[in-house]
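Enquirer: Residue strings, one per chain:
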Amino acid sequence: MNKRWLELSVGLMMVAGVAALVALALQVSGGNMSRNAQSYAISALFENAAGLGPKAKVTMAGVTVGEVVSVAIDPNALMAVVNMEIYGQVDYLSIDSSASILTAGLLGEKYVGLTVGAEEEVLVDGDVIEDTQSALVLEELIGQFLLNFGDN
Amino acid sequence: MINLIADLGSGLLGKLVRIGQALLMLLQATIVRPKASSFSRLIQQLYVVGVQSLIIILVSALFIGMVLGLQGYTLLAAYGTEQAVGQMVALTLVRELSPVVAALLFAGRAGSALTAEIGLMKATEQLASLEMFGVDPLHRIVAPRFWAGIISLPLLVAIFSLVGIYGGHLVAVDWLGVYSGSYWGNMQQAVDFNGDVLNGMVKALVFAFLISWTAVYQGYTCVPTSQGISAATTRTVVYSSLAILGFDFILTALMFGGTV
Amino acid sequence: MAIDDIINIQNVSFYRDDRAIFKNLNCAISTGKITAIMGPSGSGKTTLLRLIGGQLNPHEGQIRLFDQDIAALNRKQLNQIRARMGVLFQSGALFTDLSVFENVAFPLREHMHLSADELYNKVLLKLEAVGLRGARDLMPSQLSGGMARRVALARAVAMEPELILYDEPFAGQDPIAMAVLQRLIKDLNSAMNLTSVLVSHDIAEACAIADQVILLGEGRVLVQDTPAALQASNDPAVKQFIHGEADGVIPFHFAAPALQQELRGGSE
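Chains as they are written, first to last, in our numbering: chain A, 1 to 152; chain B, 1 to 260; chain C, 1 to 268.
Read the hints as simulated data drawn from the structure, not as lab findings.
Note that the structure is predicted; figures quoted are calculated from it, not measured.
Stretch-level coverage of chain C by chain B, calculated; a stretch enters the list once three of its residues show a Cβ under 8 Å from a Cβ in chain B: (1) 87 to 96; (2) 105 to 112.
Far from chain A, some chain B residues (derived; all Cβ distances over 10 Å): (3) Gly20; (4) Thr30; (5) Trp175; (6) Val202; (7) Ala231; (8) Val237; (9) Phe247.
We put the CB at the ideal spot given by N, CA and C, even for glycine.
In isolation and in its complexed conformation, chain A is listed as follows (with noise of 0.2 Å):
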């Protein structure tokens, strides 16, 4: 066996595992780096947050702005309490914004919408969005619209 050979396909297989690495970082994950390091936590009451879970998208027209960290109930209000987890980038979320729970597809994941309003105060770490609309429950849905056609 040449030395030769044996050091440069060493070297060779070194490259390539690396190199792999590096396409896996830009070509397949698409530069996506999760754990921002400075995020900061608001949180939103919700009427019904049926279908929302830990790790489902907050947007913001459209974009990923955070995730949902957890979903609990508040035991006062008696409604559930999403938390969420905002990139520190996006720092201008006024404090009168909106919140929703949106279905991607008909029976798509559920995510967060926020929709940003007109003050010019911002959410900071630990705030509360008060304006809020819940998810679509489609048996209530249909329901409704089956209460609706018997009144006609």
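Since the structure of chain A is already known, use the hints to place chains B and C on it.
Expert: Chains B and C in isolation, oriented as in the chain A frame:
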């Protein structure tokens, strides 16, 4: 009954003693100041352990990626969501199949060869003869092989993932007509570098440790006869495969199961 | 500092599992001689070599090598002692990934800081001494058994040791290779002022070159004497071994109950 318990106890104690021995051997072999010549020995072993495993890794990665592309396509096409095939192929490979399959192949290809080689050196008294020349066989023989395993497998796993994803692309996009943009686009949206790719690499590193450790220990402690070496080689493959699958479950639960 | 006895074994006991391989073994090997350690298979000849080389430690007693207790030495001191001795293993134990030249050069590279030319000349001289200068570029797998053992011998004497241990040097060799090895062992011993210890059960070959014979059996030294005295001995165990009788003091049968008790049926 008492005998049974006593046997069980002494059996368990024996296992613990062996694990302790293996750990001490590893510490003695690896905690040492490297010499200039150890680097060229490491290169030599990287060739034997890493480069010579490349072919089997490349071929299996290509076929596994193609099968995933085909299976994913037929499954997802039933719901009209065949665009998601890229995401399915990539996540399956990066999180699970690349580390596990590459590690199992590595155990069969490189682990068994390491055990057999060290065992044969023991049987032909090469280890004893090194000792008589004042050279510690743990440093000379065991350490470079152990490190070569630790370095090679993560690289092979990264190559495995990438080749597999292109194999899936070949079937899903080039043959079955999924739009190339959605193949990559969906994948890029779904795959997270830290959460998926790096966790897969952590798995690879853990498996590399398990395989290399098992292989050098079995070789170094085998009974130096032809039956002894063949039994040790079998044990390397069986023990490291079981360890890979067991640890894969634990690691998966830690990495991806935490939110449930 | 001339010591009369280069190896001194004092009250050594060694057990494998619960079986005693040696029980209170005492013997001494004198400097400058060729000593043959003989005994039937399983009498612990190879174990004794391992004990002398410090690869095993005795459970009781001590082994003094160059007048030092080898079990009491630390790793560095042990390696210094080992640099003064060479071992020829039964299988030759050549490093299979190195050429003949590199095998012989191995101990020199490890322990001496020689220039490339000095190293080359030294290795070539050692190979010349065993008649294999022309084979220096071959790999161990290309050598016959006898040649491999000669290369191993060149490697064992490369460091110019004071003591050399041979483990079964004649086992499995054809008559010509055996004669070659015999000559080499004898010539090297006188030319290099060595002490040679060879473990063997090839009686005729070993007796032909040995100055002293130590006969092992039942975990102890049965007799230590010159080959000539051994040939003439009347001790039944010695006679059985030297003349190769199947049954005698060392029984043909492995220890077992009487045959009548073990056969089934019809004995009552």
